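Quick mapping for you: the protein sequence lines, in order, are chains A and B. The letter at position 47 of the first sequence is residue 48 when you use our numbering, and the numbering goes up by one with no holes. The letter at position 470 of the second sequence is residue 702 when you use our numbering, and the numbering goes up by one with no holes.
Hints listed in this document are in silico derivations from the structure and should not be mistaken for laboratory results. Any given hint might turn out to be false.
Chain A side only, calculated, beta carbon under 10 Å to chain B, not exhaustive [as the list claims (entries may be wrong)]:
(1) Cys18
(2) Asp24
(3) Arg28
(4) Leu30
(5) Ala32
(6) Gly34
(7) Pro37
(8) Glu44
(9) Phe47
(10) Pro48
(11) Ser49
(12) Ala59
(13) Glu64
(14) Thr65
Predicted model only: the values in this text are computed from it and were never measured. Note that the Cβ used here is the ideal one computed from N, Cα and C, for glycine as well.
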Amino acid sequence: MMALSSLKTGKIDTVACLKTSDDAMIRKLMAMGVLPGVSITLEQRFPSYIVKVGRTRAAVDRETAKSIYVDGAAN
Amino acid sequence: MLAQIAYPEAIEKALAEIESLLSRENKLSLDNIYPISRRSLALLVLQKDPTLWERLEQNDKLLAEIEAAILIASEQLGEPVTAAIASSRQQLAWQMEQQVLREPSEAKTPLSETIHKLTVNPITGFPILVFILYFGVYKFVGEFGAGTLVDTIETFFEENINPVVNQIVATIIPWQPLQDLIANDYGIITLGIRYATAIVLPVVATYFLMFSFLEDSGYLPRLSLMLDRLFKSIGLSGRAVIPMVLGLGCDTMATLVTRTLETKRERLISTFLLALAVPCAAQWGVIVGLLAQKPAALLFWAGFITVVFIVVGYLTAQLLPGKKAGFYMEIPPLRLPKFKNILIKTYVRMKWYFFEIIPLFIWASVLIWFGRLTGLFEQIIGLLEPITLALGLPEQVAPIFLYGFFRRDYGAAGLFDLQQQLALSGNQLVVAAIVLTLFLPCIAQVQIMIKEQGLKTTLAMIAFIIPFAFFMGYLVNFSLTILGVSF
Numbered sequence: 002m003m004a005l006s007s008l009k010t011g012k013i014d015t016v017a018c019l020k021t022s023d024d025a026m027i028r029k030l031m032a033m034g035v036l037p038g039v040s041i042t043l044e045q046r047f048p049s050y051i052v053k054v055g056r057t058r059a060a061v062d063r064e065t066a067k068s069i070y071v072d073g074a075a076n
Numbered sequence: 233m234l235a236q237i238a239y240p241e242a243i244e245k246a247l248a249e250i251e252s253l254l255s256r257e258n259k260l261s262l263d264n265i266y267p268i269s270r271r272s273l274a275l276l277v278l279q280k281d282p283t284l285w286e287r288l289e290q291n292d293k294l295l296a297e298i299e300a301a302i303l304i305a306s307e308q309l310g311e312p313v314t315a316a317i318a319s320s321r322q323q324l325a326w327q328m329e330q331q332v333l334r335e336p337s338e339a340k341t342p343l344s345e346t347i348h349k350l351t352v353n354p355i356t357g358f359p360i361l362v363f364i365l366y367f368g369v370y371k372f373v374g375e376f377g378a379g380t381l382v383d384t385i386e387t388f389f390e391e392n393i394n395p396v397v398n399q400i401v402a403t404i405i406p407w408q409p410l411q412d413l414i415a416n417d418y419g420i421i422t423l424g425i426r427y428a429t430a431i432v433l434p435v436v437a438t439y440f441l442m443f444s445f446l447e448d449s450g451y452l453p454r455l456s457l458m459l460d461r462l463f464k465s466i467g468l469s470g471r472a473v474i475p476m477v478l479g480l481g482c483d484t485m486a487t488l489v490t491r492t493l494e495t496k497r498e499r500l501i502s503t504f505l506l507a508l509a510v511p512c513a514a515q516w517g518v519i520v521g522l523l524a525q526k527p528a529a530l531l532f533w534a535g536f537i538t539v540v541f542i543v544v545g546y547l548t549a550q551l552l553p554g555k556k557a558g559f560y561m562e563i564p565p566l567r568l569p570k571f572k573n574i575l576i577k578t579y580v581r582m583k584w585y586f587f588e589i590i591p592l593f594i595w596a597s598v599l600i601w602f603g604r605l606t607g608l609f610e611q612i613i614g615l616l617e618p619i620t621l622a623l624g625l626p627e628q629v630a631p632i633f634l635y636g637f638f639r640r641d642y643g644a645a646g647l648f649d650l651q652q653q654l655a656l657s658g659n660q661l662v663v664a665a666i667v668l669t670l671f672l673p674c675i676a677q678v679q680i681m682i683k684e685q686g687l688k689t690t691l692a693m694i695a696f697i698i699p700f701a702f703f704m705g706y707l708v709n710f711s712l713t714i715l716g717v718s719f
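Same shape as in the complex, but just chain B (with noise of 0.2 Å):
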């Protein structure tokens, strides 16, 4: 049996306190709640352990007479109870360690050391960041997994498995409106499932891929770091460098992931510059191949979304009150993955994902099909139309901007076919760009917010993010044509 540890005496007189106070007050049945010692008790209460404090808030006098005692106790320490309590158990911890440890002396520092100081380090550490986000993120992720894969498998789908479908609703039900919500173009098999397997299905395997294979590294903590100052420039910290990363994935994964920040204001400014300014792999995919050819407006696109993302996050975090996210994070040291472990972890990561998600596009088909039904997105196009003339975009372009909504690519997509048949201008390809990737997140994307965040601050942001992606379009098209600039 382990010693008892003894604490100094005044974190000892109020426990001592605190046992008899609780042993009084039967009423509040602690011990039976609890079954453990009333010393371990009378410690949690020490320390205000929370579920324990709101249990005695319905005893007014004995949470005063507690209240007193802690006081004391404090004033007596110098300083905080909790601090007390764990320097006492410290240096019980480290007796012990003493006892049992051995240590070789370290003759040579070992090789993850010395990749650690490398990438932490200023001067290699940069290069090294931008180095494993080129290749790991743009690379494996954005060629390999939105391009090649994605390419494959929807071509797969497109002639071996919609044909067949359309056939097959074709044959048995007679109703067009009713086959539609199945097959054609935007059916739940044919648009929704095929969506959900050829295009977020490669993407975010590769993603989970390479995030395990980061995690498990032990690299993300130092990810974290180099990034913090920055970070902090747009009310953000090293933490939030995790979900915005995942955006660039997926940004309804990455809403998901704000979770895990700190304070509330954290993850309000991460999730509306998700919905903002970071395009998910399935959109910025698409943009990429679509400006591959004009180096210049390519740099100009990324270069004006990064800028916005900064502007707009520092004012942001300008305007919003409350406390700036401190950070401070324990680097673990630097490991040789586990191929086997990032497997698992990518398949367990993929299927939570896929059934979280895969109703979200079965919805997503289900209300294109309604809003086709009804004429309601005819009424919406009518509408746009004229915005998108105003920046300097044929009207073909509007139902684009609509879809996207319904998928986040499908935007990017259309352009793309557009661009076939119309040969759009080098700086109408840019303007459509920047307007679809800071234009609304997809469906998905707005259900988790509205469930991290709850409708009235989703609406906000949509109230935001609208008009703003459509004068940003005007002030690019305007600009560039003052200018004189053609792509």
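Only chain A is shown next, with the shape it has when bound in the complex (with noise of 0.2 Å):
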């Protein structure tokens, strides 16, 4: 398992869980597609990450990256 934010570019993964205390910021994630389960593929980490989730695209700082952990089975 690790975080978002280590995962190479243009690799696709699994969402493993989301690792924040920020009960806002799941919230979001969640209503954004970003659940447990579900396949990313991280398209860009500059100057902000670049996820795409199903057909959902979406931007996130450093800190929403490093909070979201995938399996890590695409390294």
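Assembling the complex is the task here: the two chains are given apart, and the hints tell you how they should meet.
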């Protein structure tokens, strides 16, 4: 398991869990479809992290990217 | 009928528990207030729905039992109950999707996807961003809206409407002070209405047109994500890019839009920066025109204001306690906007803005009338004169600072007139432009600040802004003189 922020760009992985105590962030991420079990692709990391989840694309900052954990199977 | 979602066992158990607890408590009469099934009600309680929760807080014993049930469930699940519920729903949604959706495999990348990549790639994205802001904001809103259109309508007013109004008022009202309230230099019609239609209308129209276009194209979230890191350093997130860019059109409108920001801290910082260091189109339109002949002076002014924006933002972010704003935003696909939709949006926004703002301008006229009639203004100007002299400016600049508060561009426009009469030096123009930009926001903006942040916070901000603006002017004048720089 590893943080999304250290995933290689272009690799598809699966969200393992959301590790944050910020309830608002969890709710927002879930609303955007970032949930455990979902496959996620990191498209780029600068100037912001851009992820693709299903057909949804989202931009998150470094702190948020650090609290999304993926299985790490792609590496 | 849709199948009921089967949640994990721990949740089903908690639901049953809460359902029975709720049915025991008839006094709360939740069933009557919320005509939904008891299971749905229990689900909402389980997810701590704020409205329901508030109602439950009337009954301490019940609340404690419910909280215990939620705690047990989340311990058994090993994750928050809300997360587990969302997962189960997502699973069902996927199953349904697989049954009904057939996807043709995409052979080639669509054009919108290619453009998206270009707009968010740092190498191509930043030039695109500068290009859009330069042509969309600077050229279209600043030069065309705040320049050409304002001049045309303003001239029309001054040549065709104001003389007629002045004449009519002079004939029917015999008393000079009352004439001044409606007509002449600062009257409700000749200043208030003229200002609202000749200056605000074209600026707002061009601005909303451009903004609606960017909004419908899906570019705004991309603008936010490109600038998020930069904005983090001043305590804001990429989300605040939108009100800041709006501020370059009209700060009053932008202050209202800070409402959309997520944290109180972020709303406070952006309101403050808008009041201090973001000039509105009416203001920077005139300043750019004034300094156009001296590109070095123009660059110095713009650079100085940007530095103030960043340094003050950075320091405020360091000093202000509270949680730092996070950034997460959905990025919709880029689309070609529909012209009709843009027009409708612009029209609706203008209508709303116009009716919201016109009363404020009428108030400004009344206040100016009152200030002049009672001699209050002369006293304030008298206080400002020594400060003006200390900045190396002629004392005729003093009234400009005061009137600048009533119409943000008036100060700049007044400076323009003075420049014609007195031939101010390049340094004097730069100092005056810097003080005017940093100085108090216009009266309409102050009213919105009070509405959004409260009187105390607004007064605190103003108490910082006024001395700070003059001090910066003093510092610039002093440094330029010492260094022997003249623009």
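Okay, the hints, checked on the actual structure:
1. Taking 10 Å as the C-beta contact cut-off toward chain B, the hint placing A:Cys18 at the interface holds, the least distance being around 7 Å.
2. For A:Asp24, the interface hint holds, since its Cβ comes within 10 Å of a Cβ in chain B; the closest pair sits about 8 Å apart.
3. Because the smallest distance between the Cβ of A:Arg28 and any Cβ of chain B comes to about 7 Å, under 10 Å, the interface hint for this residue holds.
4. With a cut of 10 Å, the hint placing A:Leu30 at the interface with chain B holds, because the nearest CB-to-CB distance is about 6 Å.
5. Proximity of A:Ala32 to chain B holds as hinted, the smallest CB-CB distance being about 9 Å (cut-off 10 Å).
6. This hint holds: A:Gly34 has a C-beta 7 Å from the nearest C-beta of chain B, less than the 10 Å allowed.
7. Here the hint on A:Pro37 is kept, as its CB sits about 6 Å from the closest CB of chain B, short of 10 Å.
8. For A:Glu44, the suggested interface contact is upheld, since its CB lies about 8 Å from the closest CB of chain B, less than 10 Å.
9. For the restraint placing A:Phe47 at the interface with chain B, the shortest Cβ-Cβ distance is roughly 6 Å, inside the 10 Å limit, so the hint holds.
10. Among the interface hints, the one on A:Pro48 holds; its C-beta lies about 5 Å from the nearest C-beta in chain B, closer than the 10 Å criterion.
11. Because the beta carbon of A:Ser49 sits about 4 Å from the nearest beta carbon in chain B, less than 10 Å, this interface hint is met.
12. Hint status for A:Ala59 relative to chain B: holds, with the closest Cβ pair at about 5 Å, below 10 Å.
13. Interface restraint check for A:Glu64: the shortest CB-CB distance to chain B comes to about 6 Å, inside 10 Å, so the restraint holds.
14. A distance limit of 10 Å between C-beta atoms decides the matter here; for A:Thr65 the minimum to chain B is near 5 Å, and the interface restraint holds.
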